[in-house]
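Participant: Line order of the protein sequences matches chains A and B. Heads up: the first sequence at position 24 corresponds to 117 in the working numbering, and the numbers run straight through without jumps. Heads up: the second sequence at position 376 corresponds to 701 in the working numbering, and the numbers run straight through without jumps.
Calculated directly from the structure, the hints in this document are not laboratory data. Just so it is clear, CB atoms sit at the ideal spot from N, CA and C, and this is done for glycine as well.
Listed next, with one range per pair, are the computed distances between beta-carbon atoms:
#, chain 1, residue 1, chain 2, residue 2, range
1, B, PRO342, A, ALA124, 30 to 40 Å
2, B, ILE697, A, ASP137, 29 to 39 Å
3, B, ARG548, A, GLU246, 22 to 32 Å
4, A, THR200, B, ARG606, 25 to 35 Å
5, A, THR207, B, VAL626, 57 to 67 Å
Residues of chain A clear of chain B, computed beta-carbon distances all greater than 12 Å:
#, residue
6, SER140
7, VAL155
8, GLN161
9, VAL162
10, THR200
11, GLY205
12, THR207
Simulated crosslink set (DSSO-like; lysine-lysine; CA at most 30 Å straight-line):
#, chain 1, residue 1, chain 2, residue 2
13, A, LYS120, B, LYS605
14, A, LYS120, B, LYS693
15, A, LYS120, B, LYS601
16, B, LYS693, B, LYS601
17, A, LYS134, A, LYS120
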Amino acid sequence: MMDYMRSINRMLHDEHMATIALLERIKSTLAAHRKAPPDAKAPDIASVLRDLVASVEADISVHFAFEQVELFTRLSEAGDTGMTSILQEEHDVILPLGEQVSGLARTAIDSGFTEESWAEFRRLSAELVERMIAHIQKEEMGMLAALEEILDEDADMAVMMRYAELR
Amino acid sequence: MTLATTVLAGAKDRVLPPSIPFRYFGAAVLFHPALWLLVLIGAPETVGFSGGTGLSLAALHILTLGVLATTAMGAALQLLPVATRQAMPAHWPARLGFWLLVPGTLMVGHGMATATGWAMALGGAMAATALAMLGVLIAINLMRARDLGLVAAHGQVAILSLFALLVLGLLLVFNFAHGFLPDHRAVARTHLILAGYGFMGMFVAGFSQILVPMFALAASPDRTLGRAGLWLAVLALALGVAGALSAVGALVIAAIVAGLAATAAHVTAMARVMRKRMRKRLGLSFVMIRVAWVLLPLSLVIGLLDQLGLMGERGGTLFVFVLFAGWLLTMLLGVLQRILPFLATMHPAGDGGRMPTLSQLTAEGPLKVATICHLAALAVSTAGIATGQELVLRLGAGVGLAGAIAFAVFAAPIFWRLMRRRSRASNPENQTSG
Numbered sequence: 094m095m096d097y098m099r100s101i102n103r104m105l106h107d108e109h110m111a112t113i114a115l116l117e118r119i120k121s122t123l124a125a126h127r128k129a130p131p132d133a134k135a136p137d138i139a140s141v142l143r144d145l146v147a148s149v150e151a152d153i154s155v156h157f158a159f160e161q162v163e164l165f166t167r168l169s170e171a172g173d174t175g176m177t178s179i180l181q182e183e184h185d186v187i188l189p190l191g192e193q194v195s196g197l198a199r200t201a202i203d204s205g206f207t208e209e210s211w212a213e214f215r216r217l218s219a220e221l222v223e224r225m226i227a228h229i230q231k232e233e234m235g236m237l238a239a240l241e242e243i244l245d246e247d248a249d250m251a252v253m254m255r256y257a258e259l260r
Numbered sequence: 326m327t328l329a330t331t332v333l334a335g336a337k338d339r340v341l342p343p344s345i346p347f348r349y350f351g352a353a354v355l356f357h358p359a360l361w362l363l364v365l366i367g368a369p370e371t372v373g374f375s376g377g378t379g380l381s382l383a384a385l386h387i388l389t390l391g392v393l394a395t396t397a398m399g400a401a402l403q404l405l406p407v408a409t410r411q412a413m414p415a416h417w418p419a420r421l422g423f424w425l426l427v428p429g430t431l432m433v434g435h436g437m438a439t440a441t442g443w444a445m446a447l448g449g450a451m452a453a454t455a456l457a458m459l460g461v462l463i464a465i466n467l468m469r470a471r472d473l474g475l476v477a478a479h480g481q482v483a484i485l486s487l488f489a490l491l492v493l494g495l496l497l498v499f500n501f502a503h504g505f506l507p508d509h510r511a512v513a514r515t516h517l518i519l520a521g522y523g524f525m526g527m528f529v530a531g532f533s534q535i536l537v538p539m540f541a542l543a544a545s546p547d548r549t550l551g552r553a554g555l556w557l558a559v560l561a562l563a564l565g566v567a568g569a570l571s572a573v574g575a576l577v578i579a580a581i582v583a584g585l586a587a588t589a590a591h592v593t594a595m596a597r598v599m600r601k602r603m604r605k606r607l608g609l610s611f612v613m614i615r616v617a618w619v620l621l622p623l624s625l626v627i628g629l630l631d632q633l634g635l636m637g638e639r640g641g642t643l644f645v646f647v648l649f650a651g652w653l654l655t656m657l658l659g660v661l662q663r664i665l666p667f668l669a670t671m672h673p674a675g676d677g678g679r680m681p682t683l684s685q686l687t688a689e690g691p692l693k694v695a696t697i698c699h700l701a702a703l704a705v706s707t708a709g710i711a712t713g714q715e716l717v718l719r720l721g722a723g724v725g726l727a728g729a730i731a732f733a734v735f736a737a738p739i740f741w742r743l744m745r746r747r748s749r750a751s752n753p754e755n756q757t758s759g
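Turn these sequences into a full structure, and let the hints guide you.
Facilitator: What follows is the structure, given as C-alpha cells:
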C-alpha cells in the first residue's frame, strides 16, 4: 500500500490497518472453533468480542459517516462517481451487517454462545470479515489515492479537524 | 472543439464500464483451452520444433496474444486508472481494440498453423493495430500519473517493448511470404525476448508492486530493490536485444546474468512483502504466484544453458515453454483467479441488489482442479519436451486442457453475474430489491 502525504489519508490508513488486524483475529477465532462454540468468557475470546463491539459501534460507524459526508462528496464533485457509488453501496451493506454481528457478540459477552448462536455468529462474522477486507482494499487502492490528488494542504487540515470533531 | 479534443473527450470516471475490461478477460479464458488443444494436437511437431510455421508457432501466439496480452490489457484498463488516479482519455480505443485483437489473434493462429501468408499478415496487422492503440492509451495514462514511480516506470518499459515487438512481429509475418529479412531467426529471437521479458515481464513486475501488497494486505515493496530490479531488467533487455539481433553469444549471456540479478531483486522485494503481510491465509492464487516466482529464474537458467550449448536440440523449445507457459501463464492465472472476483465487485449493482462476497463469486472446486491440473500439466509437458517424448507431452497438454476448462467453469459464474447486473441496470422493470 502507498505512502501518503495527506494527514487524513495517513489517519484513515492507520485505522484500516487496525481494523484489518482485528478482522484477522476474528478469522483466526472462527477457524479455531469450526464446530463447537467457544467459551465466551475465555480471555482471548472475550477480548475479540469486546474489540469487535467497540470497533463496530464506535470506530466503523464514525469512520463510515465521515467518509460519506466529507470524502465521497468531494470525490463525486471531482467526477469520480463510479468509485464512490461502489464504496457507498458497500457501506450500506457492511454497517447493518456489522451491527448484527455486534449484537450477537454483546449477547455472547453477557450469556455465552449456544450452538445456534455460534453458528449464526460464524456465518455473519465471516461475511463481515470478507466484505470489510475487500472494502478496505478498494479504499486503499482507489479512494485514498484519489484524495492525495484532490486535497490540497488547506483542505486536508479542514477534513482532519472535522474528523477529530466527529470522534 | 478540435478533432483531437473531441476524440479524447471521455469519461472522467476512473472505473470503466465492466464490459470493457471483462471482454478481454473473457477472451483470455476462452483462448486458454485453445492453447492446450493446439499443444495436444501439435505434440509431435513441438518436441522437435526448431522454428517456422505450424501448430507450435500457432499455439505460442494463441498463448501470447490470446491469453497473456488480453489479460494484460484487461487488467491495465481496469486497474491503471484507479492506481494512477487518472481516467483513461477515451473508451473507444479499448472497445475497438478488442474487436481487432480477438479476430486478429484467431487469424494469426490459423495463418501460422496452416502456413497461410495472407491470414498471418492480415491477422498480424489487426492484432498489432489493436495492441498499438491500447499501448498508446496506457502510455497517456501513465504519463499523467504523478506519484506512481516504479509502477509507471515498469509500465513505460513494457509499452516501449510492446511497440518494438509489434514492429518486429509484423516484419516476421511479412517475411514468411516475401523473405526480405537477412536473418529471420535473429529477428524472431529478439521479438521473443521483447515479448516475454520486455512487454509481459515488465507489465507483470510493475503490477506486482500494487497487486501483491494489496492482496496480501502488506506495505508497498522496498523501493530501492524495486529500482535496482528495474534498471537491471532494462540493462538485461538492452543486452538481450543487442545480442539476439547481432547473434553475439557473449551479449546474450551478459543479458541473462543481468536478468538473473533483476529477478533476484524483484523476488527478494516480493518475499519481504510476503513476510510482513497481515493476511495469513492467501489461498490457491498465491500458490500459483509463488511457483511463478521460481519459474522466472528457471527460464533464464534454461536460456543460459541453451546459449552455452548444454541443453541439446530441444533446449530452445524448453526455454520458450518455461518462459511463456511456465512463468507468465502461471503468474497471470494466479493473478486472474484473484482479480476476477475482486474486479467484479468494483462495479456498482445500481439495482438495489446486494453485491455478493468474494467467496460467493469464487467457485472453489473448479479452481482447485484448475490449479492442480495447470501445475501438473507444466511438469509433465516440460518432461515431454525435455525428453522428446510426444506421448508425454500429449498427456501434459491433455491435463492442461482439463485445467483450462476447469478455469473457465470457475470464471463463468462471475461473467454471468456481471451480464445479469448489466441487463437489470438497463431494464428497470426487471430490478429486484434487497
